[in-house]
Amino acid sequence: MSMCGKAAILSAGIGLSGCLERDSGNKTKDLTAGKLGGTFIEGASGADAETLNWILAADATSLGYISLAFDGLIAYDNKFNIVNRWLKNDIKTSDDGLSYTVTIRDDLEWSDGKPVTSDDFVYTMKNLMFADWMAYTYAGDWTEEVDGKSVFVEPVVENETTFTIKRKTVDPEFLYTVTDLMIYPKHIVSKYEGDVKAFTQAPELNNLSYTGNLGPYRYKEWIRNDKIVMERNPDYYLGKENGEPYFENYEVKIFGTSTARHAAMEAGDITNTGIDPEQVMKFKAIPSIKVFTVPTTGYRVLQYNMRDNGWEGLKDRKVRQAISMSISKEKIIQDILLGFGEPAFSFIPNVSPWYSEEGLSKIGVGALYDKTRAKELMKEAGYGIEKNGAIQVIDKKGDKIKLKFFTITGSKVHESMAYLIQKELGDIGIEVDIKFVPWETMLRKYYMNKVPGSDQPARNNNGPRAVSEEPWDLMYAGQSTDVLQPSGTEIFFVTDGGLNTSGYSNPEVDALFKKVHSKEALDVTARKKIYAQLSKIISEDQPLDFLAYPTANIAFKSNIRGIDPGISMNYNYQEWYFG
Amino acid sequence: MDRSYLAKRLLHALIIAWGVMTASFFLMRIGPHSPADKYLATLGAGHNVSQVTAAIESRYGVDRPLYEQYFNYINSLLHGDWGWSFSTSMPVSDLIKIHWAYSFQLIFLSSILAIILGISLGIFTAARKNTKADHIATFFSFAGISIPNFWLGMMLILIFSVKLGWFKTYYDTGLPMFSLSNLYALILPVITLATGMVAGYGRFVRSSMLENMNKDFVRTARAKGLPESVVLRKHVFRNALLPVVTIIMLDMSGIIFGGAYITEFIFGIPGLGWMSLKAVFSDDYSVVMAVTLIGAFVTLFFNLVADIAYTYLDPRIRYE
Amino acid sequence: MKLAAYYLERLKGNKTAIIGLAFIIFLVLTALIGPFFTVSPTQVNFSEKNLPPIGFSSEQSEYSAKVGGLVMTNMHGTWKHPLGTDGMGRDLLSQLISGARVSLLVGLLATGLAIVIGAIIGVSSAYFGGIADSILMRFTDIMITFPFLLLLILIVYMFGSSLALIILSIGLTGWTGTARLVRSETLSLRTRDFVIASKALGASDLRIIFYHLLPNTISSIIVLATLSIPGAILAEAALSFIGLGDPQVASWGNILNAGQNDLQAAWWIAVEPGIMLFFTVISFNFLGEGLRDAFDPKGDYN
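Chains as they are written, first to last, in the working numbering: chain A, 1 to 579; chain B, 580 to 899; chain C, 900 to 1201.
Wrong hints could be hidden among the right ones.
[Said to hold, decoys possible] These stretches of chain A come out as covered by chain C in the derived footprint (C-beta under 8 Å, 3 or more residues): (1) 257–266; (2) 274–286; (3) 334–347; (4) 409–421.
These aren't lab readings, by the way, just hints derived from the structure by calculation. Remember, it's a predicted structure, so these values are computed and weren't measured experimentally. Backbone N, C-alpha and C define an ideal beta-carbon position, used for all residues, glycine too.
All chains, please: the whole structure from these sequences, using the hints.
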């Protein structure tokens, strides 16, 4: 999760989507006239993808590569409108909210010319995603609680191009899970069924040689940790009318340092890449480059350890509010993000259709960034005494409060945040001891927890009595949220949430999240109200301090045409071309 | 060269290779990491972590008892199977086939350059012993040995790529391997790798030459009235060559797994060093094992070649 | 004592060795007393980000609340931060001084450890001979054959980047040269009269090893140790450079690692620690060569 936040900033993003917006203007009748040609090179940093065999992928980069050859059922535009891709009609949710009917286009083909059918979808779900031998990482998204037992939903073939997914319980947000559905060709994959080793090593699955006309590009070459090259798919199902995609090749090039990546962009060797805030001015001044500033789905948080091995004061809401109130979100945005960010107050970013200002406690900006008030709150909570007219913040024994702060190593933003927070808390008399640890250490020693003395296998949330191997008080992390389905974030906030590493528990929050997944929330206005209520409670309760939503700066060669800048700007990337 | 000696050396090399393999195999598996790690962070509610870990470990065959994995590994090695790389989703042997050439071209060019320049430098300084030129050259040799190559590479990028714009800041794999543009692209990496080698070889050749200069046969040659250049070339250098060849051979594996590693890292060259570094960071055991083993074999090979060269170049040496 | 004075006298004649020694002494002193005169290397000041060193100026983007966006400012070096600051406004001079401590600590401790292990293995191998020799030397061969840097990276990645572990692993992997050297020196000493005599007088193995064999190899060991220190320092720097350094300390390698991403905006971050590394390494090399010449009874080849 921390990695996701980072990835969201760094990668200019091959969209996890990519679709033709049918009604957009400026269309020419002569197919590819003047548009065809060139190689689009995206400059990326960080780790390369691990696999193109999508069901095995655990990293966003892998899914990004796959999406170049593989559109998916739908895409979202910058305003989060659904744009159908493989879908023929919109997904139909039954009135009782228990069944989802999906109808796909009838012109989708595998590479061997066999049609893509609803049977392929149902097979992929039942025999691969839900199968024990596969151990699909996200299989849990396809389960529901029935009579205290966790069972899989039931996909059924209706006809050649239509299938229905049936549930026994209502969950309005299940729709977003359905729209993410991916697929394998039954006639190819069935020979590997049950043999995870053979499946993992199957060449057709690892080099995407089955993707037919399902995406704008086809696999061509992949030099690990260097670049992946995809070539134009002339059979692309959306290209029949206008001949898209227009680039001969689509390439993702990985750079080891941001110096190399920025220099390559400056020299015109690559077509687009994410730009560090420090470099934005410089790039904006270059005529052959244009820079777009767009929102992202990532957000930065300061976690408070409310478990038994954290400082006891953190269990008190007033203390959490006091700490959050001493950290200026404006300072973070100006000093660290150089203005490229928005203050965050809740798990729902302001770009989300579910965002609501109503009742939101805007702690950390304006009147609620107040160190005097913070000290008063500390005193009210029993952690301060009046001395010479000022409040001195101390713990219950009368000593200075010392908090252990952790974040991952190797990132300038993370380090800067640590020092800024240390300074801010120093002002109210709390000493912060900073430790940088590698990601794996963070995971094993600080995230995963278990009840001391028990033989539980360690996991991210083993209940309210569990504690991590090493004690911690504060932790800074980047997380990313699903803008469309904010309830996905419940794993951080509900008492038994799988990633509730901080040990937060508020029955009201638990109940509200349950409500999001109930019949009551089928109505969109009702759901929005529930979300508003959740935002309000969580922003008051401060189980963690939401610091900022960073915005990303993405540079493009200025001769690129067809871009619609925004949060998911590559939803129409197959329509882009060099002018 | 005696055949039984060769056989003995080969057996010796095999034992060492086995030792390296075994040591690295167990070293990698006693660590706290698991290939399932990367999945764990993303697991949400409703997941049974230990179940998923077990499933993923079984997917990659690391759930078996350690000794069983060990014997399986040896068994597949003997069948020419280097295993499956789960961080790149391809057989390790394919991975090596794609990436070895990037390392090879860098190491080959650097070595050639270093041997030519290093030997010339050594002869030049030895012939001008204690002159100003010698002192300057000696100073630069020291500088060449002492300069950290990762810093040198970065400085070359800073000056020639970032400031002057003569080169790209990264290595472009799109260039055809046998082309002038590829050669041009390799200039900075080769300088980075070769600088230390040139300086080291230069120092070594110099001292090796000087050692021979006072030998009787050289004095005799001089006394016979041979011109100094002939003495240097025919008598001094030829005799100094032997230790030089040895040191170059012995140095080779150090270069490959020290300097080249870092050079690939700085310039983003997707060679074996870069691959294995990435593999370490993704807990991809089989790739790390393969690169370690290849490294060991290369070292052993050059040691053997150095030995053979020794006997070949110096007829006085005979092994039983 | 007389002998030491004699060697020192010989060393004095070697200009480069003296320069090397002088720089090392300077470095040690700076590392020891420097922190009392400079600000804390972790003291962050976001309004003084990427300040160039004295005498340089550099264009930097800054957020201006007045403009509500980025503005370009021409920054000049200040005496407050004579060597400039990094991307978080931390003083580079104090970071470099902290780095000197780290490097010297690594150089001395890791080399010390390697020398002790190497000497014990080398001397026992030579003294006991036979099976012990074969086993110890095969073990040494395996260690030598192991790709050194890969082994280091593996150990540090596996068990965490702490300075103690880094020192330990450099020491535990770096002893092979010493072992071979001590072994070959001991082999020639073993047959010398004084060793045979004390053996005949019933001296214990340990006594012979520690009183007769090791002291006679000491000059070679000193030379080797001096020449190994740069290797240890560079190994730590290389580890840090690829991101495996101890994140809790400001080591030269850590600064370089951060600096390589800032080459365009702030070149000095990558330049300065490299210069320090270079001078430190070359000083130890000068000193080591000087010591070798001083100890070498055959005179010098220079």
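Coverage of the segment 334–347 of chain A by chain C, judged on three or more residues with CB within 8 Å
With 5 residues in contact (Cβ-Cβ under 8 Å with chain C), the coverage given for the segment 334–347 of chain A holds.
Check, residue by residue, whether the segment 409–421 of chain A contains three or more positions whose beta-carbon lies closer than 8 Å to a beta-carbon of chain C, and give the verdict.
holds (count 7)
Using C-beta distances, would you say chain C covers the segment 274–286 of chain A, given that this needs three or more residues below 8 Å?
Since three or more residues must qualify, the claim that chain C covers the segment 274–286 of chain A holds, with 6 doing so at under 8 Å.
Are 3 or more residues of the segment 257–266 of chain A near chain C, judged by a Cβ distance of less than 8 Å?
holds (count 5)
Checked against the numbered hints above, the structure violates none of them.
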